[in-house]
Amino acid sequence: MSTSSPTAARQPRPPVLSETQARSRALETATRLYYARGISAVGMDALSSESGIGLKRLYQLFPSKEAIVEEVLNSMHGTWVGDIEQAAASATTPRDRLLAVYDYLGRWFSDDDYRGCVFINTFGEIGAASPRIATLVRDHKLDFQQYVVRLAVEAGATEALGQQLAILAEGAQTTAAIAGDPAAAGYARDAAVTLIDAALT
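So the sequence shown is numbered by the UniProt record's numbering: it starts at 1 and just counts up by one.
Mixed in with the good hints, there may be bad ones.
Okay, derived cross-link-like pairs now, EDC-like style, lysine to aspartate or glutamate, Cα gap no bigger than 20 angstroms in a straight line [stated by the list, open to error]:
1. 56 / 19
2. 141 / 112
3. 56 / 28
4. 65 / 85
5. 141 / 71
6. 65 / 45
Cβ pair distances, simulated, as ranges [stated by the list, open to error]:
7. 50 / 186: 15 to 21 angstroms
8. 18 / 167: 41 to 47 angstroms
9. 186 / 15: 46 to 52 angstroms
10. 66 / 19: 18 to 24 angstroms
11. 66 / 24: 49 to 55 angstroms
12. 131 / 198: 36 to 42 angstroms
13. 113 / 86: 18 to 24 angstroms
14. 52 / 190: 44 to 50 angstroms
15. 167 / 92: 45 to 51 angstroms
16. 93 / 138: 16 to 22 angstroms
17. 201 / 113: 25 to 31 angstroms
If you're looking for bench data, these hints aren't it; they were derived computationally from the structure.
By construction, the Cβ of each residue, glycine as well, lies at the ideal position given by its N, Cα and C atoms.
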């Protein structure tokens with residue numbers, strides 16, 4: 001006589017994920033794990049286990065770990081651009097749009113899971129070994145610099161001021177991650193105020 005539960009025997013199998021769903025889940029999991037643990041510490045086996053996507057299918061979706069890292073960075077770039085532009089758009093004057101960058105950083109640094117800039121972290125880990133990844137990081141940073149330069153010019157300042165303000169923001173990201181203290185955003189904002197007001201008077 002069978003001792004198994006008829007109800008248990010009729011348990012449906014979980015639905016098979018479409019390619020789009022599987023890619024989305026894999027990238028979401030990779031983004032979270034890479035940021036929390038670092039890229040080198042998260043192998044394909046760990047990504048497969050955490051995402052629930054079989055290793056064979058994972059390699060069908062992404063031919064290599066580098067391919068996953070590239071897509072993660074591309075997605076994070078889009079998120080960063082959207083967040084920064086939204087923060088600047090909420091300000092009412094060109095000067096305040098520049099300072100809104102540092103206000104955004106202050107909110108980001110206060111997140112419990114803040115671990116620094118994923119692009120800086122990735123470059124430090126594998127940039128030297130992967131020219132493609134290094135290029136993605138450089139392009140991301142250049143895009144941010146050019147955006148801040150554009151905000152500076154719109155405020156009536158020089159491109160040089162924009163470069164200076166971008167460097168302030170980059171330094172604040174690293175300082176906050178190492179010190180574990182979001183106050184770096186406030187210090188960078190104070191310095192930005194000094195630079196902006198000197199440039200606009």
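Open item on the list: Of all the hints numbered above, which does this structure not satisfy? Sort the numbers upward.
Closed with: 2, 4, 7, 11, 15, 16 and 17
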